[in-house]
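Novice: One letter stands for each residue in the lines below.
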Amino acid sequence: MIKAILIFNNHGKPRLSKFYEHYTEDTEQQIIRETFHLVSKRDENVCNFLEGGMLIGGSDNKLIYRHYATLYFVFCVDSSESELGILDLIQVFVETLDKCFENVCELDLIFHVDKVHNILAEMVMGGMVLETNMNEIITQVDAQNKMEKSEAGIAGAPARAVSAVKNMNLPEMPKNINIGDISIKVPNLPSFK
Amino acid sequence: MPAVSKGDGMRGLAVFISDIRNCKSKEAEIKRINKELANIRSKFKGDKALDGYSKKKYVCKLLFIFLLGHDIDFGHMEAVNLLSSNKYTEKQIGYLFISVLVNSNSELIRLINNAIKNDLSSRNPTFMCLALHCIANVGSREMAEAFAGEIPRILVAGDTMDSVKQSAALCLLRLYKTSPDLVLMGEWTSRVVHLLNDQHMGVVTAAISLITCLSQKNPDEFKTCVSLAVSRLSRIVSSASTDLQDYTYYFVPAPWLSCKLLRLLQCYPPPEDGAVKGRLVECLETILNKAQEPPKSKKVQHSNAKNAILFEAIALIIHYDSEPNLLVRACNQLGQFLQHRETNLRYLALESMCTLASSEFSHEAVKTHIETVINALKTERDVSVRQRAADLLYAMCDRSNAKQIVAEMLSYLETADYSIREEMVLKVAILAEKYAVDYSWYVDTILNLIRIAGDYVSEEVWYRVIQIVINRDDVQGYAAKTVFEALQAPACHENMVKVGGYILGEFGNLIAGDPRSSPLVQFNLLHSKFHLCSVPTRALLLSAYIKFINLFPETKTTIQEVLRCDSQIRNSDVELQQRAVEYLKLSSIASTDVLATVLEEMPPFPERESSILAKLKKKKGPGAVSNELEEGKREGGELNGAGERPGDSSSTPSPSADLLGLRSAAPVSAAPPSAGSLLVDVFSEAGPAAPAASVNDDGFLRFVCKNNGVLFENQLLQIGIKSEYRQNLGRMYLFYGNKTSVQFVSFTTTLNVQLKPVDPLVEGGAQVQQVINIECITDFSEAPILNIKFRYGGALQNLSLKLPVTINKFFQPTEMASNDFFQRWKQLSQPQQEAQKIFKANHAMDTEVIKAKLLGLGTALLDKVDPNPENFVCAGVIQTKSQQVGCLLRLEPNAQAQMYRLTLRSSKDTVSKRLCDLLAEQF
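Residue numbers (full-length UniProt numbering), protein chains in the order written: chain U, 1 to 193; chain R, 1 to 923.
These aren't lab readings, by the way, just hints derived from the structure by calculation. Note that beta-carbon positions come from the ideal geometry of N, C-alpha and C, so glycine has one too. Each hint should be verified, as a subset may be incorrect.
Partial pick of chain U residues on the chain R-facing surface, computed with a CB cut under 7 Å [to be verified]:
#, residue
1, T27
2, Q29
3, L87
4, G126
5, M147
Pairs of lysine-lysine residues, derived as DSSO-like cross-links and limited to a Cα-Cα distance of at most 27 Å, are as follows [as the list claims (entries may be wrong)]:
#, chain 1, residue 1, chain 2, residue 2
6, U, K146, R, K87
7, R, K298, U, K99
8, R, K87, U, K18
9, R, K117, U, K146
10, U, K13, R, K31
11, R, K26, U, K41
12, U, K18, R, K913
13, R, K298, U, K13
14, R, K31, U, K99
15, U, K99, R, K87
16, R, K378, U, K18
17, R, K837, R, K739
18, U, K13, R, K26
19, U, K13, R, K913
20, R, K87, U, K149
21, U, K18, R, K177
22, U, K41, R, K296
23, U, K41, R, K31
Chain R on its own, in the form it takes in the complex:
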């Protein structure tokens, strides 16, 4: 008989597993499993009460079955029962089952929570750890509700065992991640930071993950961790390889913890305290020096651990981006790794260099490695490494090396792995556009791109080349010639046909003088591709044909014949049929003048973010594209954000109408057609659609405390403001600057109050001025809305802006003495006369800046009134036509908490409230 005892192996389980492993087929396995499931089910349901051992055995079997990929829909109750067992083995298997099989929405959570509660209060460290593990694994909201208060207590209690502290730290982290609102900061937070100093390295290891996460969310509250982390790191880095005993891993002291400390420091800017910073720089230098020392062991684990720290140190140096000396050393170190025999190091070096390339201090240093990187792209055996090399080339590209890099990437494309081709194509297209010195190179590059990797050229790429060709007349002839040549190839990609059709349709006339590319030759060339193309391409070609009729009247009969033939005019595809019919009719009845107007050359596209870039961002996530381009994205988002127009300005008379005592003129808001950013079917639209504007109030708040500046700016238009106020009157000058080289036509502005018309034409590069006279009739809280419309190219542009006219503009400063102030303060003591807000500082709490802002507000800043010199006290009278409203203000900064308390008292409740709202956004 076998000598397997109950406690040892659970023979039943072993036999079952052996059975499964011996199954010859999937069917046999399923049959065996179903048999076992039926057996366990009947055991669980049976009348006979099962002992702990049997329960454990069956639960183990279920775990095994689950691992093989079978659903387990029972046994949960038995597992929960095991939790309340006093035997460790039974309790433990119960917890295991629950962590593996119970998801966070299970109804059993309440029962489980009870068991956990008992174990947490048992004071038995093993049981406590089991319970904490279970919470960390399931991490449901119910669990957070039940334990978020308890766990911080366990974590910082003086008598908690180290192993329990470790578990508690990570358990709390899990709860904080799933339900941050339930984990309340409190007295424990400062004590958690001090766990970085704990004797037990395991506790530090667990705590640092928690602290890192908390610091990311509340950097200010955990700022003290920086100096603690630096000193801990410095102690580790300077320790001998034997000092840390068990935490020395292949002769490297505490590599994991070092990495984590360096990561934590990456949550913060460089330390301000000189001593701390000096110590940290010393650490970083030591780490860089150690990389040059001969290895203490030949084992790969040794160099692995050492380099793990080195890479994190480099990441921190790049994050600080302020120590040119360290940056260059880091770059050199990575340069060494680029040629290292370990693939892992080459991979990581390429990856780190990518971030290094964006630093101005090291961009040039990175560029010196271009040959190595190109070589990596060509020769690396591993696609993940090649991918990193391509990323790095993209990151290090600038005007000086764009041609080389683009050429290398193009040639790599021919052999590139399918998985990365599309991304490569996008990158080539973006680099070609961004660094194009002459646009003929750009056109060549994109056409090459289509030739080499046509299948991976997405619509955005070829849309973009067309946008650019249309907007730059210096390249149009060249583009026509080049596509014409490219189309000569016997087999050319459909995307090439699309670009060719579009460009020849627009600019074929530019090359028609050459008999080799006469109109008919061009037409025949295009039409020879027609039958091999898909429906959308054919539709595009038909449009090109009708354009040909306009460009070259001599082709009219040939093309009409083509349009008239059955395969076009009776095509089963509705779109094609309709085009054929309409174009045929158009060409036969319209006069040349009409035809010329209808088929006029496309107007320039409005400059907007490259659609390719948007696509790459979508693919790679927002972090992948450099910041200078982000700028464009935000604006693109605003311009395309249709449908947020607030309708109330016309329907309900807003208080701002009173401002000038004039009737409100409703802003005309004809709903514009969809603001697609793509020229999907450029021929069927009059031009790119006008993006509707949402009311823009970004600029608005910046003008509460100042009168002059730039209110709005995008790629097309800049609007500046100058304004002056006296008593209840004001005058505002608006300057509209055209930033483009093309004139804006039909330029109109409407205010929801009356406005003197502005010159309807704004020349390219010019500026027009508009004056608005303002009278404050009574107090108000809504700002007037300015609506601007104009045509740029063919496209209607529409903008709505809040004019920065706020109630405080009509302040008259009032000086008064301390007694006076407090007397008036007391007089205004009715609750509705006071408005108060407590808010967090958004800017540095600089006294001079605060003073400047309060003066900008228009009030008098009163010295020596408040007994606390830190506080600011102001007084002023708001002048309106109907009445005067006296206002008192008190601002109490709390530098420690980075908070302000703002109190306003005035004789009118709406004024207090409005001022309070406006001001609270300013500090």
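Excised from the complex, chain U in its bound form:
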């Protein structure tokens, strides 16, 4: 079973947290911090598995993670899951995000937490894998988008939202927006070696 799925950036800022077992809010935050601490201190070309932190169950659980550009994707799983299988699952998740957001970057996750949750929900439900076929997942997400559009009555691709925000000409925006962050786009998902 998957106990938790966490996404945070290189500085430990959470971008998505989904727990499939119940913890208090405090514990959840501590788990995120502990996991970040465990994962971030590891070198780039070491293995992608390690024993979980104490809060999430110690050696009974494994953290399986991948590091893409600015983001860590961490799945915390118990011994009933195949490590390599989960690694593939992370890849499917990221590729799916990439398709849905057209070159996904950290900003997409920030501004569309709800969408990311929806995509994840098409893959994993209650800690178990629902679907691994990317096209099937995307079909479902597209269907939702269509419904959304028809309800809103105005068309607009979700991916355009980011650029819209970036281009918003509110008086205070240009000087405040953090250009540095935007430039950290993931260019076409390099293979993670």
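Could you slot chain R onto chain U? The hints should help.
Specialist: Just chain R now, kept in the frame of chain U:
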């Protein structure tokens, strides 16, 4: 103006998020968030009704704030309101909020349940999926109560859409995990198994998780899944990489599903059906063959997916542990991976090999990789991989390579990561003990261990070395010499001082002949460490000093001076002060004889499970230690399980007292001192405490249908029984065998009825016999309790056992014809004369075994009485002094359900009931 439309990005949300991201400090961020929270709160509380869009926007903001780690204590009600919206976007955001923020104890559950109920019955697949997701995410008991009946129906209904089926399967799984009692098995269960055959691979993917979990809990009911899983797997494995279209992942057909199928098969033993098994072996071979084929793609994802299946296949092969050919191939494959350039594969190979090492077929094959593994331990850059290498070395260790492995682990310890040092120390200590051929090597190893990693040597480790040195007189001199040398080091670890103090205090005399280690030299050496040590160590050293006074009278004045000085006798620590005062007094007033008695050498410790092993188990969980050691653990648990003594045997005259018509003699049960398994302060106790015994009735039930055998066995003692019965009389021979090499003294046995005394001394390796004559006065249901006490070494041992004297022992078989039987059966038709039980089979339902058991019971087995040949019918008369009780028995097995129905009729209700209880445990 920006062109962001309402439906697209929710501008307010985007602005808020940008604001937060631009905050220069944590304080600014908190301020901004508090401002927003206040804003949302006032909006929610305001008079103006909010439209769906605004609600959605605010709920989104709350989600974002929550993600940043801030508590959200409102908004739940608004989210619940969104659930009943007809608009998909609003409904969806409501569900999202609830799955992220509502925990399973929320009072809102009832409202949420209502909304879910509506959506489940809406027949709109999107809404149904949302609702199912919500149940799976929250998974509370209330939800299980409300929906556990409904969801199986949705799952197996013919007209359910595939996507809904997938969600329903996982939703049901979640409910089954949280409230298994509410998910009732039924007609749907067999249909669920057939989902393995579903056209839609997504449905199979979701269903297999459910089936795996259900199979683990109810293996028999889901047995049919094995052949289905095998055929599905075989279809996937043999398909071309393009056959499965979308489910082909980087040229590997359906890797995830294959892994899950292989996992499901690991819930079961190898298939019995030859054809199924053949097909499965073929699959496994194909998977192993594919590993040798050139890759279809250079992408890491391709090899990843391929290897994921391969590792699961290997895990299944190891689980079956029955195909030597496959096991060796698996081992070779893992051997290749041990040197693979991918760290992940090296890690997994080490991990799988650990389980492979415990199989007898492949243990030797695993051992051939020892050099590679040692190399991994030394050179891997990644601590997780090194940890696996250490685990594997531990698993592959046996007598032939113990010295090499222990030496490598010791040298690795010097540079090991702090996080794994303690575990490494425990492992070294266990291996050294387990495979010690000569105990001097063992002592060397442990002292080295303390020298290298003293901080990580837990108490259990040094307690253990002392236990062993005390129990083996062949190593005592060597140990004294070695610790003496080790203590010469200018800086030595406090644990070394402890071991040194203890061992020299006990066995310093063995090396005192050498002028270089004369008594005074020994004392001065120990005392030079005294002031650097903590209070417990000092206390131990003081005890060593008083022992010195006994061993070497010439040191008496020196030591008395030390004890007398202010820093001891007026020490601010009460324990130290008390010891100094008492020891000083003892040494000055006691005669040499008294002193010699008080300070006698420690008696041997009773053999028990290594306390280190217990500690490792605690650290790693029970699965981490091999089975042969588990045995010891169970017994250790029993021996140390104090305080469960049933007090009723002495206070209320139990029916078993009638058995022999004698007055019950209360078993003496002096409460023993605490049964600590550690020699925390060995000097202040007379010896290790006597473990109290709880009444042991494991053996008891095995004797209902037989008369001879071993009633009880632990590391010290074996008790055998031979018994014979005729009419209402019986004779029982008890054989007490001493399994150790040390004699048991003060050996007494008490029964809560009278007993002829047994020889109080049991020599090591010897056996004594005791005879008990039994007369059955009237029927009874309690068994007599036998209490055994003896001293082994210095330790009092205490055992209570139920003697296997049961009412059925007094059966006389009665043959009768069918008519006769049914006539009597009808005569005994009053409800209290009948006792009936329906129970699950605990053993294989083998007719011959059942017959043997029924004959062993003492009744006559009647042929051709019951119209159904499957059933068993028996008759007999129980002979007691006061009366005879006729009994009829009928046992109806149901092979399909693996159940029995047992019916007993007799002229006495207590007899029917007791027999029924006894027998129900036998099949």
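Novice: Run every hint past the structure and note whether it holds.
Specialist: Hints, one by one, checked against the model:
1. T27: Violated: closest Cβ of chain R sits about 12 Å from T27(U), beyond 7 Å.
2. Q29: Hint holds; Q29(U) Cβ to chain R Cβ min 5 Å, cut 7 Å.
3. L87: OK, holds: L87(U) within 7 Å of chain R, min 6 Å.
4. G126: holds, 3 Å
5. M147: Result: holds, 4 Å to nearest chain R Cβ.
6. K146(U) to K87(R): holds, 12 Å
7. K298(R) to K99(U): Status holds; Cα separation ~22 Å.
8. K87(R) to K18(U): At roughly 25 Å apart (the allowed maximum being 27 Å), K18(U) and K87(R) satisfy the hint.
9. K117(R) to K146(U): Holds, because 25 Å separates the two Cα atoms, which is no more than 27 Å.
10. K13(U) to K31(R): At roughly 18 Å apart (the allowed maximum being 27 Å), K31(R) and K13(U) satisfy the hint.
11. K26(R) to K41(U): holds, 24 Å
12. K18(U) to K913(R): violated, 55 Å
13. K298(R) to K13(U): Status violated; Cα separation ~34 Å.
14. K31(R) to K99(U): Cα-Cα ~36 Å, so violated.
15. K99(U) to K87(R): Holds, at about 26 Å.
16. K378(R) to K18(U): violated, 38 Å
17. K837(R) to K739(R): Distance ~41 Å between K837(R) and K739(R) Cα, so the pair is violated.
18. K13(U) to K26(R): holds, 12 Å
19. K13(U) to K913(R): Judged against 27 Å, a Cα distance of about 67 Å means the pair is violated.
20. K87(R) to K149(U): Since the Cα atoms of K87(R) and K149(U) sit roughly 11 Å apart, the hinted pair holds (cutoff 27 Å).
21. K18(U) to K177(R): holds, 19 Å
22. K41(U) to K296(R): It is violated: about 34 Å lies between the C-alpha atoms, which goes past 27 Å.
23. K41(U) to K31(R): violated, 31 Å
Consistency with the previously given hints fails for numbers 1, 12, 13, 14, 16, 17, 19, 22, 23, ordered from lowest to highest.
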